[in-house]
Structure formats: structure tokens, C-alpha cells
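Engineer: Take a look at the letters that make up each chain.
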Amino acid sequence: MRRRPTRREFGAGLALAGTVGLRWRPAIAQTNEVRVAMIAPLSGPWARQGQLMRMGADMAIEEINDKGGIKALGGAKLTLVVADAGDSTEKAKNAAQRLLAQDPDLVGGTGAWLSSFTLAVTEVTERAQLPMLTLSYSDLITGRGFKYVFQTSPTAGHQAAETLPTAMQLAETAAGKRPKTVGILMDNTAAPMSFAKPLRDGGLEKLGLKLVVDQVFTPPLSDATPLIEKVRSSRPDFLLLLLSAMPDNKLVLEKLDEFKLSKGRLPLVGNGSPLGTPELKNIIGADLLEGLLFSVADWPFKGDEEMVERFKKRTREPWMTQDGLSAYGDMWILKEAIERAGAADRIKVADAIRTMNLTTGPAALSFPGPIRFDENGRRQDVPMIFAQWQNGVPVTVFPAELALAKPYWLKES
Amino acid sequence: MKSAAARRRWAIVAVAVVVLIVSLVIRSAYYQLVLTQVLLWAVLSLAWNILSGYSGYFSFGHAAFWGLGAYTVTLGMINLDLTPWLGIPLAAIVGGLAGAVIGYPTFRLRGHYFALAMLAYPLAMLYVFQWLGYQELSLPMKRDAPLLYMQFADQRAYVVLALGLLVVALAVSLRVENSRFGMALLAIKQNEPAAEAAGIDTWRWKMRAIMLSGALAGMAGGLYAVVLLVVTPESVFGMLVSAQPLILALFGGVGSLWGPVIGAVVLVPLAEGLNGELGDVLPGIQGVVYGVAIILIILGAPEGVYWRLRDRFAKPRAAPLIAAEPVPAVTRSDARPTNRGDLLALRGIGISFGGLRALDNVDLVVREGSLHGVIGPNGAGKTTLFNVVNGFLAPDAGEIRFGGDQLTGLRPNQVCRRGIGRTFQVVRAFPRMTVLENVVVGAFVGAHDDRAAEQMARAALDRVGLADRAAALAGGLTTRELRLMELARALAPLPRLVLLDETFAGLGHDDLGGILDVIRRVREEGVTVLIIEHTMQAMVRLVDEFSVLDHGKLIAAGRPDEIVRDRRVIEAYLGRRWMDRVTDAVA
Amino acid sequence: MDLPPFLLEFLQALAAGVMVGGAYALMCIGLGIIFGSMRVINFAQGDFLMLGMYVAFYLTTGYGILAFLGPYAGPIIAAFLAGPVVFAVGWLVHRFIVSRVTGLGAAASEGAGAYGQIIVTLGLSLILQNGGLIVLGSTPTGIRTPLSRSSWEIGPILLNQARVVSFLVAVALVVAVYLFLGRTRTGKGLRAAADNSTAAIYMGIDVDRAHRIAWSLGVGITAIAGGLLASSQSFQPYVGFDFVIVMYAGVVLGGLGSILGAFWGGLLIGIVQQMSTLVLPYQLQNTAIFVVFLLIIFLRPQGLFGQLSERT
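Chains as they are written, first to last, in the working numbering: chain A, 463 to 875; chain B, 831 to 1417; chain C, 10 to 321.
Hints are computed from structural coordinates only; laboratory data are not their basis.
Worth double-checking, as some hints may not be accurate.
Here are the simulated lysine-lysine pairs, BS3-like style, with alpha carbons at most 27 Å apart [said to hold, decoys possible]: (1) A:Lys774 <-> A:Lys764; (2) A:Lys672 <-> A:Lys722; (3) B:Lys972 <-> A:Lys810; (4) A:Lys868 <-> A:Lys774; (5) A:Lys668 <-> A:Lys642; (6) A:Lys609 <-> B:Lys1019.
Pulled a few chain B residues facing chain C out of the computed Cβ check, cut under 7 Å [said to hold, decoys possible]: (7) Ala836; (8) Leu939; (9) Tyr943; (10) Ala947; (11) Leu953; (12) Val1118; (13) Tyr1120; (14) Gly1121; (15) Ile1124; (16) Ile1125; (17) Val1370; (18) Leu1372.
These numbers were taken from a predicted model, which means no experiment stands behind them.
The beta carbon of each residue, even a glycine, is placed where N, CA and C say it ideally should be.
Chain A with its partners taken away, still in its complex shape (with noise of 0.2 Å):
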């Protein structure tokens, strides 16, 4: 008689829930400890952004830790737990689920880069009431009416909003010149898209600016030429660039030096903290650099120096990116938040996020404006940093009162 496959099946299944199950019994907290989590990307193509984040939460950790930990709670030590979102967004959602299931003393949480692996992430934490900050600024993430989802990067549109006026002020300041004309050079990935749609949709208009080349492209980019010969043609005053993969600003800045648009040419003005990494400058070179403004959610600004030196010191990273910095801002606004919740308990530790209006502290110097949230989630009031490559190493120069450094516009030489 032929054997039922369904034995095999069941025996398999049950060995396989012993395996996977290694860690079923769920970590329970010791009582002097408190447990945030961080999900990001540690594998797959991502994997060097997640890295970054976890330098800077486990800096801010053991800050935290050293000076006493939530002193609310009798000084109990702030723990990360860190799952890898891998390169899905099934993966990133499996890897919520499973720090949720086998953690169920979390009290809040950060993640996780790539704005479709935050969706993914924050629709199981929603529905766990656990608060998650996040510097990923799509606009859908906290356009769903959730209420434990915070973004600390002002959303796409409101950047949009700034980066421009800003950036024709300075060149106005600069070159004693309005522009007229704009080019935008853009990859489609989710950001990019937000930030562009409210400039399409009249926002250049209201700026006296005309549209005089629109390129999008689906990364990775093959190759640049057909692109930077459209932006040739049409030369545009200036020169916008959303792009979110180093492959893609590597082809990009390099062709536009092949024709002869670098140097100040064409001014360019970027958006986004991937034109800010030590990679892009190792691979490029500080000359092709030199000069390019891009505006940031986030970026080391005048008070910050200290603690960046010490990351500095700790990881040996050149310099700090917005993805090491908002990860350690991120640790200290959960540690503000227990503190005034008073309790490990991650509905009353949501409370006090909302709450919060902090204008001094770490987590006031790791973001620019008041660590404030409205009720869906997103600051108001949040200054538009811009950073500017200058010697090689890219610096806040705007707004003024958080400026290490004065900005120029490139003009040609």
C-alpha cells in the first residue's frame, strides 16, 4: 500500500517548527531593561544604509546607557533588538512580525530606510500599537491615518516646497542673479516621484521658473548620455537632481563632466542623502563634487560637532550621513518619550511622542526644528537643511543659524 504523503508532509512541518522555532520561547525583558527595536536593511542591496542606522542607534545606546539609562524606571538600560529587513518588502514585513511575536516588551521602534519597506513594516507595528519614527519621507506613509507611525523627515512634498525658494535664494544672493530656467533629472523610485509631482504641478510656475528639460529614468541607469545630451540642448539655468542610487549618481555626475557641464557650468542642486555618502567620493572623486548643493531631512548642523566626532572616532566613517544621525536621534527621542511616559508600556510611551515638544537635548541637535508631531505623524516647522561639498567633505551651509559653513553658487571659471 502505497505510503500517505501526508505523514511525510506532517513530520516535516513539525520538524521544521522545531527548527524555526529555536527562539520560541519570547525574550522576556529583564526587569531593568527596556527593549526598542530596529528594523532595517542589513542584507541585500540596501544592506550599507541599514549599517549606517545601526552605527548610530548603537552609539546613541550606549550614551544612553553610560549616562544612567531611563532614570524614570530606576535606571534601567535601554536594549536594541535589530532584525534585517532584507531586500523585499515580504521580508521586511516578516521581519516586524517576528520581532513583535518574539518581543513583546517592545515599547517603540525605528525603520526602515526604503520607504516600501516602511509601509510594510508600519502596517504590522499599527496594528501592534507600537510607535515607530522613521526617516523615510514618502508622503503615503503617513497619509493612511495611522497613529503610531512618526516621520521625522519633513514628507516629500514639503521638501519640494523648500528646496527650491531656498535654492534660488542663494543663488540670487550669490551670483546676483534669479534663475529662469530649471532641468530635472530624476530616477522614479518613490521619493524622487513625491517630491517632483508638487513641482510639476505648478509649484515651478509660482517660482517664475519654466521646465525646460524632464527626464525620469528607472534605476539602474544603463548609461547617461542620451540623458545629459537632452540636458545639453535644452541648458537649463540650473539643474535638479532626485537621484537614490550611487550607481546612477556615479554615471550621472561623470557624464555631465564628459560634457563639459561640471564645474560650475550647470549649477546643480540634488536632493536626498545618498548625494552626501563617503562612497559617492571615494568612487568619484572630491574635484567632480566640489560644490554640489543638495538638500537633506537631515544632516550634522552647528551643535552636533562634538557627538560627531566621536561616531567618527568609534566607526571610522569619514563623516556622519543622515542615516547614522537620525538613527541617533531616533534612540533619544524613545528615551525621552519613557522617560515621560513614566512606564515601559509602549501605548503610554506613543502618548508622550505625540506629546513632545523638545527643543533642547540630544534628540532636538540630531534633527533641525522642534521635535514636534502632528496627529498623523509628521513635524511641522521643520527647516529644509542644505548641505554643500566643500573640500571634500559635505557641510550643513542653510539655514544659517545651523550653518557650519557658507554657501556659494558655483559659477563657471
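On the provided structure of chain A, position chains B and C as indicated by the hints.
Structural biologist: Below, chains B and C alone, put in the same frame as chain A:
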């Protein structure tokens, strides 16, 4: 005694019950999520299996259906406020239609070409969806009417839904396997031209398979969107999604009912477990371990776990479709033809390959009830002629008439339906099927149901004297037995004409005699026989009439005693020099 | 010389297409050798490309072994050296893993081991990518050379130097491979084994060895293509993925089994990709590739140079 099919149906029920119990017992929402994913990927893999596992047409593009299903549900909910309860069935329809649209042009290809073409579809869709602005879509949270929109607080509800889909997929697969659908696909997989010549409308079955496959995949993709709540082009159209059902099925046992399920049950939790345990410890190690694991296992079981286990633990019993019954003698009532008219008439047939004129103005007339031989030296075009009659090749000149009907331009399976059977020069068996199953494939064309087909097959085996080998696997037969089996398959649907292509090749003297008897007997029973051979000796004893081809042209036709003395024939076979010697000797 | 803007864009796109196509052509040849000789769909081909990129990188910018050659010659020589290194890796991989599921070892089982091949090469891909992450790190890198941002000028048309160099190298290698396969004994053995492995055995050709050479040569050549690309673009361990599709499209386009076909196929893909931007939105560049790919497959399944053969 319960039939195999009924037993498997109970097995499906048992599996469903087990899964339900497991999901009730497990409390962790995480494990339930993983279980849901196991089930969904199993459904996609089963869907893939229906097309690719059974028919051998490997698809590297099933993400196309999955993704379309996911987007149907998502866009339906976002734009039309359509609940997934309706959206998922709609996704099935979309998937089925996509299967038709994709299959229609792509089935012209075979093998690797087909697989690679399939690869292109989901990737092209990926870019299009990004361009359309659907980079990130999230299913809106319906706080006021969650159940209406399939938004459950308890993860178990999704397990139940996914289980429902799995049961449907298993039931469908089982139905396919146990019907002529499955046989047709299997025949296509093992030897498509033979299947075609045996009367199987390969096109139609392949289209049905891909539509069914697409519908199941689309449905599963729709539920996947509901579970994940976030849909991006990469996550539903990406290469990894296309590769997943493949890996699961190949690992678990391709072309079997349980293979995809085994694959899903083992590999999905394994990957997720590795992610969980090792992901934060040494990022990347989970991928390495997974890769090593699947390589090692596939080296040990190249066709999948299921087949390896079955070979090891269960005797490969070739289960007949229905239990053995005494075979009634099936003969045609009009066995002896009353008129000796022309059954098959070829006029002016011509065809070229590249610059070579393979057949040139060939006329051939086969009288009903006769045994007609086509001979000629190697390369004369004999097999080409058969291929033209059969429908594998379309002539560029001339016409073919069969009993008054036009045959030119018909596909091989249609030619077979008209009553023409065929054997091949190189035996085209279905090696992994039994002798009986091989012959049944041929009988489908003449039978209105599977039972009748089996009876006809048994009768045919009896006719050729191979009834005792009915349960043997075709892969292990001797040349003589293979030839007889092919003959049986051609005879099963009771054709009026059979085309025998070099039936005697590879046979020794004794075997030859046996086959000659069979052929004569077949002719006695009223079947017209057109046979290709180039061994004169055997043919001379057998046939009524000859047509002689040389270099694509008909050089002689007539009775054996005339042909043997025909100068042109001798010259064609032996060449000019010999010709002179012969004429000298004869003269 | 003042050209009307559309003509200028047209010529520039054509030039870019030809040069990008040169790199693709070289990759495709590597894949074409493997596919043509072994009928194996190697999903890990992109990852061997990635290996080539990293070898070239470490020989120049990374460890500076070839620094003495300067920033112009260094990257080119490094790209060449990537070939033998990855050839050796491929040799070992075939010997211990791939040969068990391809060629004669697998000919007996159903589908001639096609199933095993797919899983093995997919597994290989996973190992290379993730192993690469562990060993090489996640930070994107690239070779720094002035070649990638300088160009030669023909009137108003700019020809990127790094791309031109890789194009010339690709052409040179194609010729070399062609001669190898056509004139040398080993090469002919490879072609015989590809056409009909059973007959080849009877002819005394060591089919297993022929396959090993084909495999190693295939991945080695693709690695050289990677090494050349390393000067033009940045990469990280998962970069191989992006190129697998292009390679397959090119090989099928050119005709499975034809080396010359793989060359022209890759070139054509490059041209289609770049020139599609003249009429289509940039975002649909790769969709254009697939559309052309599908069209060719339907209208002429054997590709430009391949042969359809099916004996009845």
C-alpha cells in the same frame, strides 16, 4: 478497493485538517504569517506545476500572473473600493486571461526559447507599472468595516483563506492528473510530435494549461497583496517571484501533486528561519546557507524530494486508469472494404528546405485496403513525404486528398483525427509511461471518454500481440517491443490508414518475421498501410505496390515484380556502374 | 558643425548604444559559450560578472597592485586579469558542483538534468551574492579612472573613452574566441560536444572536459566584461542581477549556440536600449528591450544567427 484518485482526495483533506490544527495550536502571529506564506507560495508553485511541471514547458515568468493578480486586488480596492472578496476572484479571471494572451504567441516556441520568452513578460510589466506611477501602493486600512475588506485582526483568518486556495489548487491539480488533460500534458512533455501525431491537440491543451495556471497564480497573488498590504512592482513582478515557484517545485518534485507542497513546507520556513536567526548576526550568511542547502539537496535528489522518496520507498507501480477488465474484441464492422478506390492521393507534392528541393512533383496513390510501400535510397525524401502527409510540414506545391477530403494545411492532430495513424523512424515512446499508457494516449482521439480509450488501447495491444507487456515501462522495452507498441498506438483509434516509417530498422531476422505477420494481419482487418522501408527483401514479400523515390522525385511505381526489374530503380539503388553489369548479366 | 538637435541626439544615442552594446556583447559571448556548449541556463552569470568587477577593482584602486601602470592602462589590464582568475573559480565550481547536474552526468535523467541545473545555478547565485556581501562588504565601490569621464570628440559627438576602450577590447576578444572555437582543436571539440555530445564521445572527445572548458571560458569572458564595466559604473555584491536579463536577451536575440550571434545580440540590445530614449520615455528603456526581444523570438525564434533544428 478505493482507487488511487480517491485516496489522494482524502490525503488533501487530511493535509487541510493538519494545517488547521497547526494554525490553531500556534499562537504566535509571526508563525501564522509564515504559515500563510508557505501556503501562498505552495499555491503559486502548484499553479506553475500545472503548466510547467506536467507539460515540460518551463515558465520563468509566472510572476506576471501573480503580479497582475496582486495589482488587480490592490487597484480595485484603492480606486473602486472593491472588496478583496470580489477582487480575488477577479484576479483569477485576470490571471486566466493573461495566460491566454501570453500563451497565444509564446507557445510557438519550445524548450529554452519558451522559458526565456516567459522571463521577459513580468519584467516588462515591472517597468510599465513603475512608469504608470504605481511604485508603492498600500491597501487602505478600513477601520470601520474590516471584515468586509478582508482585514482581520487574527492572522489565522488569512491562514484559513490561504488554505482554501491551497485545497482548490490541489483539487484542480488532482483533476488534471487523473484525466486526459494530464495524460495529454505528460505526452506533450515526453514527446510532443508523437503526441501531435497521435491526435492530441497540443495547442489547445497547452493553452488550457496556461490559462488554468494563470488563474490560480493570479488568485494567489491577490491574496498575497491582502496579506502584505503593500505592493511594489519589484515585490510582485520581480525575478525572485518568478524563481520561487520553480525552486519549490523542482526541489519538492516537479510534475507531482505533492512536490510543490513539500517544497513550500521545507524551503519557505527554512529561508525565513535563517533570516531570523542569522540575519542580524552576520548579514548575508542566511543567503549562503540557503544556497548551499538547495544545491546539496538537489545533488542528492535531482528531480526533487518527492520522486526520490517515492523511488526509494514505494514500488513504482504503474497504476492503470481503471482496473483491468477482460478485453472485448474490437473490430471494425466494415472490416473488409467493398470498394477498392483511392484512399490517399498525393498530386504534385513539392517542398524545399533552404536551397534543397526535398520533394519535387511527387504523385502517389494508395488504394484502399492495399499495402503500399515507399522505397528509395537514403535521403530520397521518404520521411519528408510522410511528414507532409502527416501535417508536420506544409508543402509549397501540390495537394493531398484523403478519402475525398483535403488534407493539405491541416495540423498533425487534425490529420490523425481524420483517420491516419503514424509511427516514426526513431521510435517516439513516452519512456516514463507504461506501454498501456503510451497506447492510451493514441486512443483518446477516437474515444469519447477515458474508459473507452483504455479499452481501445487494450484491444490495440492485443492486435499487435503485446498485451502481456501492458504494465511495463516503455523505457525498458526491446526494439521489437517498441515498434509493436508504436504500431499499437497508431492503431488504437481505429484509423483507416497507417503510415509506418522504417518499422524494420534495427530488427533481427526472427523479429522481422513477427512484425511482418502483424502488419499483414492488420491489413487483413481492413486497415490500409503505407510503409517506408529501404530493405528490399522484406518489402518484396509484403507489399502490393511500390512507389520509388530518388532525390525527391518519383521515379517508378507499380507491382513488386515490375519494380525489381526496373532499370531506373536499380540505378538509383546501385548506381550506373552496377546497372551496366546487371543489364549485361540479364541480357 | 551645427547639427539640428534631433539629429545630434540621434547620433549621440547611437554612439552610446554601440559602446554600451560592446560591453553587453562581451557578456553575452560568455553566456553564449556556456549556453551553446552545455545548454545550461546559468542564472549565476551576472554574479561571475560581479566577481570580475571586484577582481579588477582590487587589482587597481583596492590594493593598488597594478598602480604602477597608471590610471589609464591599469584598469584595462586589471580587467583582462579578471578573466583568468574567474576562469579558475569557474573551473572549480564546474568540477565540484555544476558537472554533476549537466552534461553526461545528468543526461540520463528526465529533462537531461534541466531541473538540477536551474536550482544549482540559482543556489550558486545566492552564494556568490551573499558570500560577496560577507567578504566584500556592502559599500558600493568603483574603479577611479579619468577614462570614465573623458571623451574623444567626433564633431559635436562625444565618445566616452572608457566605453570605447571596452568596446575595442570586446571586439578583440570576440575575434579571439571565434578563432579559438574555429581553429584550435579544443575549440572544435567544444563545438562538437555542443552539437551532439553522444556522437562527440564516440569521436573520442572528452565531453566532460569540453564542458568544463566552456563553462570556465564563459564565466571568464563575462568577468572580463565586468572588469571593463568596473571603470564606468559603481557596483556592490548584488549588482549581477541587473545584467542577467540583458545577457539572456542578447544571447537569444543573436541565436542560441552562435558566438557571433551573441556578439550581435548584445550589441543590438545596447543600441535598442539607448536609442529607445529618442521615442519612448526614459523609464521604458528596458521595456523596449523586452519588446524587441519578444518580437525577435516570435518572428525568428532561432535569432539572428541561430539554427532551428528538430528532426522528426
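Engineer: Each of the hints needs a verdict: does it hold here or not?
Structural biologist: Structure-based check of each hint:
1. Taking the CA atoms of Lys774 (chain A) and Lys764 (chain A), the gap is near 16 Å; set against the 27 Å cutoff, the hint holds.
2. Straight-line distance between C-alpha atoms of Lys672 (chain A) and Lys722 (chain A) comes to about 23 Å, which keeps the hinted pair within the 27 Å bound.
3. Restraint check for Lys972 (chain B) and Lys810 (chain A): the C-alpha separation of about 24 Å stays at or below 27 Å, so the hint holds.
4. Among the hinted pairs, Lys868 (chain A) with Lys774 (chain A) is consistent with the structure: their alpha-carbon atoms are about 23 Å apart, no more than 27 Å.
5. About 12 Å separates the Cα atoms of Lys668 (chain A) and Lys642 (chain A), which keeps this hinted pair within 27 Å; it holds.
6. Distance hint between Lys609 (chain A) and Lys1019 (chain B) is unfulfilled; the C-alpha atoms sit about 55 Å from each other, more than 27 Å.
7. Annotation: Ala836 (chain B) was flagged as interfacial toward chain C, and the flag is violated, the nearest CB pair being 28 Å apart, outside 7 Å.
8. Nearest Cβ of chain C to the Cβ of Leu939 (chain B): about 5 Å, under the 7 Å cut. The hint holds.
9. With its C-beta approaching chain C no nearer than about 5 Å, Tyr943 (chain B) sits inside the 7 Å limit, and its interface hint holds.
10. Interface hint at Ala947 (chain B): satisfied, since its Cβ lies 5 Å from the closest Cβ of chain C, which is below the 7 Å cut-off.
11. The closest approach between the C-beta of Leu953 (chain B) and any C-beta of chain C is roughly 6 Å, which is under the 7 Å cut-off, so the hint is satisfied.
12. Annotation: Val1118 (chain B) was flagged as interfacial toward chain C, and the flag holds, the nearest CB pair being 5 Å apart, inside 7 Å.
13. Look at Tyr1120 (chain B): its Cβ gets to within about 6 Å of chain C, closer than 7 Å, so that hint holds up.
14. With its C-beta approaching chain C no nearer than about 3 Å, Gly1121 (chain B) sits inside the 7 Å limit, and its interface hint holds.
15. For Ile1124 (chain B), the interface hint holds, the least distance from its beta-carbon to any beta-carbon of chain C being 5 Å, beneath 7 Å.
16. Hint on Ile1125 (chain B) holds. Least Cβ distance to chain C is approximately 4 Å, under the 7 Å limit.
17. For the restraint placing Val1370 (chain B) at the interface with chain C, the shortest Cβ-Cβ distance is roughly 27 Å, beyond the 7 Å limit, so the hint is violated.
18. Restraint check, Leu1372 (chain B) versus chain C: the minimum CB separation of about 24 Å is more than 7 Å; hint violated.
Consistency note: the structure conflicts with the earlier hints numbered 6, 7, 17, 18.
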